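Fit chain V to the supplied structure of chain L, relying on the hints for placement.
Taken in order, these protein sequences are the chains called L and V.
Anchor point for the first sequence: position 63 equals 63 in this note's numbering, and the numbering is continuous, going up by one each time.
Take the position in the second sequence, starting the count at 1, then add 1000; the result is the number in this note's numbering.
Worth flagging that the hints you see were computed from the coordinates, not collected in a lab.
Since the model is a prediction, treat every value here as computed from it, not as a measurement.
Mimicking EDC-like on lysine to aspartate or glutamate, the simulated pairs with C-alpha atoms at most 20 Å apart in a straight line are: (1) Lys1437/V to Glu1348/V; (2) Lys56/L to Asp1309/V; (3) Lys1254/V to Glu127/L; (4) Lys1173/V to Asp1227/V; (5) Lys1398/V to Glu121/L; (6) Lys1121/V to Glu1381/V; (7) Lys1275/V to Glu121/L; (8) Lys1254/V to Glu1201/V; (9) Lys1166/V to Asp1227/V; (10) Lys1083/V to Glu106/L; (11) Lys1275/V to Glu127/L; (12) Lys1418/V to Glu1192/V; (13) Lys1304/V to Glu1074/V; (14) Lys1173/V to Glu1192/V.
As a plain string of letters, each chain reads:
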Amino acid sequence: MQFFFEALIGGLLSGVMYSLVALGFVLIYKASGVFNFAQGAMVFFAALTVVGFVGKGVPLPIAIVLAFGAMVLLGLATERFVLRKLVGQPPISLFMATIGLTFFIEGLAPMLWGDAVQPIELGIQDEPIPWLLERFDIVVSRFDLVASGIAAALVVVLAIFFQKTRIGRALRAVADDHQAALSIGIPLERIWAIVWAVAGFVALVAGLLWGSRNGVQFALTFTALKALPVLVLGGFDSVAGAIVGGLIIGASEKLAEIYLPPLMQAGFGGNFGGIEGWFPYVLALLFLLVRPEGLFGERHIDRV
Amino acid sequence: MKRIALAVAAAATLAVGSIGTAHAQAKEQFFPILSYRVGPYGANGQSLFGGMIDYLQYVNMKGGVNGVMMTWEECETEYNNAKGVECYERLKGKAGANSAPVFPLSTGISYALIDKSAADKIPLAMVGYGRTDAVDGSVFPFAFTMVGTYQMQATAIVKYLKDQNKGSLAGKKIAYMYHDSAYGKEPIVALEAEARVNKFELVQIPVAHPGNEQGAQWLKVRQERPDYVIFWGWGVMNQTALKAAQKVGFPREKMIGSWWAGSEEDTVPAGDAAKGYMSATWNVAGKDVPLVADIEKVVYGAGKGNLSDKSKLGSILYNRGVSYGVLAVEAIRKAQEKYGKGKTMSGEQIAWAMENLDLNDAKLKALGATGLLPPIKTSCEDHEGSGKIKLQQWDGTKWVVKTDWIDGNRQLVHPLFKASAAQFAKDKGITPRDCKKAM
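Pulled out of the complex, with its shape left as it was, chain L reads as follows:
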C-alpha cells in the first residue's frame, strides 16, 4: 500500500508539470478561441532563450527577465504578423496558422541560440525529501513539490485575472465572438497581444521547470504531447480543468504503467509496458464519450 501511495503522489506531482504546459494552451484558447499548436515550441524557445543569455554571461534572474521580454516580443509579433489578418476567419485557419508558427519557432530558436543540450540550474535539488523517506519510506521530490507550488500560484493568479479584472472579462468576450467583441469596442489586437504575452510567460515558467529537470533541448517541444490529453480531459477553456486534468492524467498514467503491464502479460502473454505514451490518450478519448466538453469545459448550445 505504501508503494501505491508513493506512485500516486509521484503521478500527481508529474501531473502538475503537465498542467503547467496545458495552462498555456488554455489561456490562448480561452481568450481567442484558437488552439495554439505552437505552445510546446514556445516552451522550448523560452527555455533556450534563458540558457542562451546565461551562456553569454548574463546572471540567471536577469536572463529570465530578458527571456520574458523575448516572449512578449514573440507574442506581439505573432499578433501583428500572424493573427491580425485572420480576425473573423474560421478557427481552423487560425489553428493552421499556429502549426506554421510551430515550425517557425522550432527553426528560429536553435538558429539564435544553438542546439546544444544545456542545463538550467535553478538551485532546487531533484532529490527525495529526507524526512518523508526516513519516516514513511516514501520518495517525494523536493523539486516536484516546488513545481507544484509554482503551478498552484499561477492558477490562482490567472483565475483572479480572468474572473476579476476588466481585461480578463474582455478576453472571455473575445473568445466567444471576435466580431461581437469588436462591435462593442473591445480592442481585439491589444487583447490578443496581452494574452499571447501571458501565454509566453506561462511557457517560460514551464520551460524553466521542464528544462531544469530534463535539460534544455528540442525535446521540450514534446511536452505539448503531454498536455493534449490533459486538455481533452479538463476542458480547453478552463484553468481549473487544466490543473485537475493534469492531476488525473499524471496519477492514472503512473498507476497504469506500474499495475497494468503485469495484468496484460498474464492475460495475453508477451511483454507489455511503456504504455505511458498512449494510455493518457485512450483515457481522454474514453472521457470524451461521456463528456465531450471536458470536466470543466463550457457547454455550448447553438440555437438554429
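Coordinates of chain V only, in the frame set by chain L:
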C-alpha cells in the same frame, strides 16, 4: 546596356560550366551524407556528422586517398525515416555507381534502406546501430554492422558485471530499462539468454518515446530493487533517467548505459545526477588522440572545420564521427589496393573492401586513431568484425575509461544472428551467397 549585361551573364555561365566540367574530371569519391542537425537529435548529429566531415576534409588536405579527393553532400533527415529515404534517393543519383558508404546513423532509416541499398549496390554502414543480423554477409552483402552490435554490447556489459561479482551473477537481479523501439528491443533476446545461462533475474522496463517522463519506471526500479540497471536510452531519455535515478536514490555507479547513452550531451545537462554513471563506448573522448589533435591543427587551423561550436571537438560523439570517417576512408583505400590506386571506386568495390577490412592495432596507430576504434577484421561471415566495448565512467566533468576491451558473447549471440538472417532470406526469397567464394 541590357545586352552587355546579358553577354556578361552568358560568359560567366560558360566559365562556371567549364570549371564544373574540370571539377567533375578530377578523381573524386562522393559521400551521400544523410545527416540530422535539427530536430530532437540535432545536438547529437552536429557532433557525429561534424567529426565525420572534418575527417574527410582532413584526408583531402593531406592529398586525398592516393590523390582521390573526398566530396560530399549533406541532406537533412531530422532522424525521420521517410525523410531519410527521400535523402537517400536524392543523393544516390548524384553518386551514380561510385558511391561511398552511406551512414544514416539511425536504426529506423537503416531498416528502411536495407533493401534499396542492396538493389543499388551502395554499401550501407550501420556502425553501432541498425539491423544487427546483417552481421551475416551471405544474406546482407551490402549492409555492414561494423564495430559492434547491440547484442554483443549487451553481453559484454553482462560479462563486466560478472567480473565485478567474482565471476557469478547467480541470484542477482538486473533491470533492463530501454527505449521502447527497435533500438531498445534488439538486445532483449541476448539478455534473456544471458539470464538463463548466468541464473540472474532480468526485469524489463520499457520507456515510451521520447522518454521525457520516467517517474513510473524509476518507481518500478525502486520497487524491484535491482542490483544493476542496464540502460538503453537515446536523446532526452538519457538526461531524464539520470535525474530520475537520483530522485529515487538509485546509485549511478550501478547504472550502465549503451554507447548511445554515454556522451557529454547526456551527462552535462544532468549535472550532479550523472556523477558515477557508467556507459559502454568504443571510442575515447578527448583531444589527446593524435588524429583528433591533428584535425584540430590542420583543419581548424586552416579555418575549414565543420563544427560551429568548436568546444565539441574531442567529445565522445565528435570522436565517434571521426571513427566513422576512418572506417569509410580505410575501406576506400583497401578497395583501391585491389581495384586500382588513384581511381574512383564503385559502391560494389567499396563493399568488397568493407567485407575484407583489417584494421589492426598497428594500422590504427599509424593513422593516429588508437583509442577511436577497436581492432576490426571483417569477412563475409562476419560484417561486425569486432564486438568489443570499453566501459567509461562520468567523473562529474569528463568521461574516464575504466576497462580494457571487453568481448561480447560471440558463441551466444552470433548463432542468433545467423538464424535471424536465414529467416530473413527465406521470407524475402534470397539465396545466400557462398562465403567461401566471396573473396
